[in-house]
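Residues per chain, in single letters:
Protein chains: 2
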Amino acid sequence: MPRARSSPQLVIAEIIAVGSELLLGGRTDSNSLLITEELASLGIEVRFKSIVGDDRADIVRALKVAASRAGIIIMTGGLGPTVDDCTREAIAAAAGRTLSRRKEAFDGMQMRLAQWGRSPNKGQLRQALIPSRATVVPNPIGSAPGFWLSWRRSTVISLPGVPAEMAAMMRETVVPLLSSQVARRGAAPIKRHVFHTWGLPEADVDEKLKGLISKQSPVDLGLLASPMGVLVSLTTKTDGRASAEMFASLSASVRARLSEWIIAEGTDSMEAVVGRLLLEGKQSLALAESCTGGLIGHRLTQIPGSSAYVDRGVISYSNKAKIDLLGVPADLIERHGAVSAEVAAAMAKGVRERSGVSIGLSVTGIAGPGGATATKPVGLVYVGLDAGNGNAFTREHRFHGDRSVIKQRSSQAALDLLRRWLLKAQGTARPG
Amino acid sequence: MPRARSSPQLVIAEIIAVGSELLLGGRTDSNSLLITEELASLGIEVRFKSIVGDDRADIVRALKVAASRAGIIIMTGGLGPTVDDCTREAIAAAAGRTLSRRKEAFDGMQMRLAQWGRSPNKGQLRQALIPSRATVVPNPIGSAPGFWLSWRRSTVISLPGVPAEMAAMMRETVVPLLSSQVARRGAAPIKRHVFHTWGLPEADVDEKLKGLISKQSPVDLGLLASPMGVLVSLTTKTDGRASAEMFASLSASVRARLSEWIIAEGTDSMEAVVGRLLLEGKQSLALAESCTGGLIGHRLTQIPGSSAYVDRGVISYSNKAKIDLLGVPADLIERHGAVSAEVAAAMAKGVRERSGVSIGLSVTGIAGPGGATATKPVGLVYVGLDAGNGNAFTREHRFHGDRSVIKQRSSQAALDLLRRWLLKAQGTARPG
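First to last, the sequence lines map onto chains A and B. Residue numbering for the first sequence follows the numbering used here, beginning at 1 and increasing consecutively. Residue numbering for the second sequence follows the numbering used here, beginning at 1 and increasing consecutively.
Hints in this document: simulated from the structure, not taken from any laboratory. Be aware that a few hints might be false.
Pairs count within a copy or across copies, as identical chains cannot be separated in the list.
As the list claims (entries may be wrong) - The list that follows gives simulated cross-link-like pairs (lysine-lysine, DSSO-like), each with its CA atoms no further than 30 Å apart:
#1 K424 / K210
#2 K64 / K320
#3 K103 / K210
#4 K103 / K376
#5 K215 / K424
Produce the entire structure from the sequences given, and follow the hints as far as they go.
Structure (structure tokens):
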């Protein structure tokens, strides 16, 4: 049944991130992901994101643009104690409000600082300045309070840029506030589901999904390629026309068409999936990393509780380390070269046997830019797995990209070899 | 001497990144950094950045906003072969141009695909559509060409979102184009210099730099805190009033005031600095990582040529691995716990002695969320360095943050211990 659309503005949000350093990029923006997901659960779609430097006039400009196209404006950053922090002044100027020290803002800050044995300094006192007719958003973690106000047809919410503070304030105050605003208008939650794939080029993923979704469908299909694989997303449009059944059926079709190439869904990840499979299979793991230099160990140990299945890793950057720590025969390296299927197999076997774990996983390759030979180009990578009892495999890969990309792709290839082996071992009787 | 300002619009740029997935954040945006730096060298300042989804109407809106405030608009993304790629249609719609297949765009694409043994498919044919009165920007790496056109008072440049393609097209075509445009107007290059610091909280950095720069100064000072330390930047405003001497003198003052806490400057990094110090000192390194899980090895091996000084690493996640691979005495772990200064020292000594390198570097700590005890909280981390001959040090740290943040800070603390030791060893006669 078609639903009468509520004011379109209300369910369109814009994020304004304030900070001259943010214009440069080169950093991972974790704030947007959290804001987008929290708002989506309320049926609010982030349609625009603006980044602007610490310049009052530029912030005012960005705010005016946002107010012309979004009913909800979430600003992050520029609330700090230093003079270049001018978000509060810009909002007051744009909305024609005066700034004054607000008791509830000051008290919260003073209490927080007292816990740390400090009292507010001059810069921090500025942080208690709040525009007139704005409501304070308490900061349960840091000293800087936020605030929100209604201006023109929009709700403007100003939060600190520090991810942990912003996240706590979103969850404790902003989400309940917006929830009550949108509930009255009957906005439907936006559904979004993401599939992480590995091993198929973007063009092949596109080909496999051809014809799945028509132009008129209320569900959008998105593809995004990165060194870690292709991300496939299904998103309902904001008017909520897609039923839960339709969404589930499309998700099932994506799953069926991309099957083994889907490594994780939603907020899940390769390292978390592999971790669960290792736990479920009561397996323990040792790593022998050459060209990845520790990246596989780093990724696996990002998962809380990974010490239950990651026993150790060896970063065998030199040939001597491969011989000493992994027992790779020197003449094997001599005959085939350190970057070879034979050496990858010997590394995986060596690390498994010497550590007494059930699975050894290895990678050896040429990450570049140096190190290539006439027969072995930059990007040539071998991954190996040894689980004893004749369960040994290697795979050859030829990756393109710079050193960092080749390291990322190598780590993904090694973890995918492990993932596929664990899935197979789970599904079949283990060879004796 | 004050310089007559050229049209302010011309030296203000806006980046519009197109892609629904980009609204989510959670990814590192390397394109903005490159664009910002290339434009800065021409005296063009990126003042705004907008991110917009794959929606034609939204892209048109963003373009109109950008044309009202920026003389140069660099758009990235949305030029791919799939139907959700609609940047070229949006630009044509906004500027009132028609799209038609352009011979030079098609020929370049066909030639590129032929090198890979392929011919253009239907989606790729769309990529040769170029708006009327636009100029093709050749893509020397991938198949999708870009283009630029003049619209209202702005130059609109559309490039693919793939970083390597975008970078090549910026350097080969866009920079020369803009260079000739701005040369006529006498814009002065923007000077910007960044200092990476570690070990001082943001408030302390702010305090140390107090009074360095007046409000009227043509140089801006910026601070940005992250888990890896505080970034300090000096930037001249766009009108180029700051002389080279003034900028150099301010840089020298920052250097003097923050001295030992500056770990790197500009595009340099902790891992590159430590790598050079190891090379210069003819040192070789072995790592013993516990809570960082391979992150230190990963960071050091991001640097090309790091195999010259990184011999190996051991990720000793289990106690057994610490005993087996590093020779840490079992009773030392029993008495002091795996997270202790004693075990950090034994790990560094063990990995150095067993690998025959000159320096062993270790880290052991509680990354959380589990693993804390009554006396050892999450975030308690010990780093250790052993260089033989009685050169052994450990440092205790108490970090806040989640697992990922604690791993990052631990890796930075270990590398800083190494950096400080190498600097000292370089400056003084080594004890015999």
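To see whether the hints hold, each was checked on the structure:
no.: 1; hint: K424 / K210; in the structure: within (29 Å within a copy, 62 Å between copies)
no.: 2; hint: K64 / K320; in the structure: neither (63 Å within a copy, 61 Å between copies)
no.: 3; hint: K103 / K210; in the structure: between (59 Å within a copy, 28 Å between copies)
no.: 4; hint: K103 / K376; in the structure: neither (69 Å within a copy, 38 Å between copies)
no.: 5; hint: K215 / K424; in the structure: neither (38 Å within a copy, 66 Å between copies)
Checked against the numbered hints given earlier, the structure breaks hints 2, 4 and 5 and satisfies all the rest.
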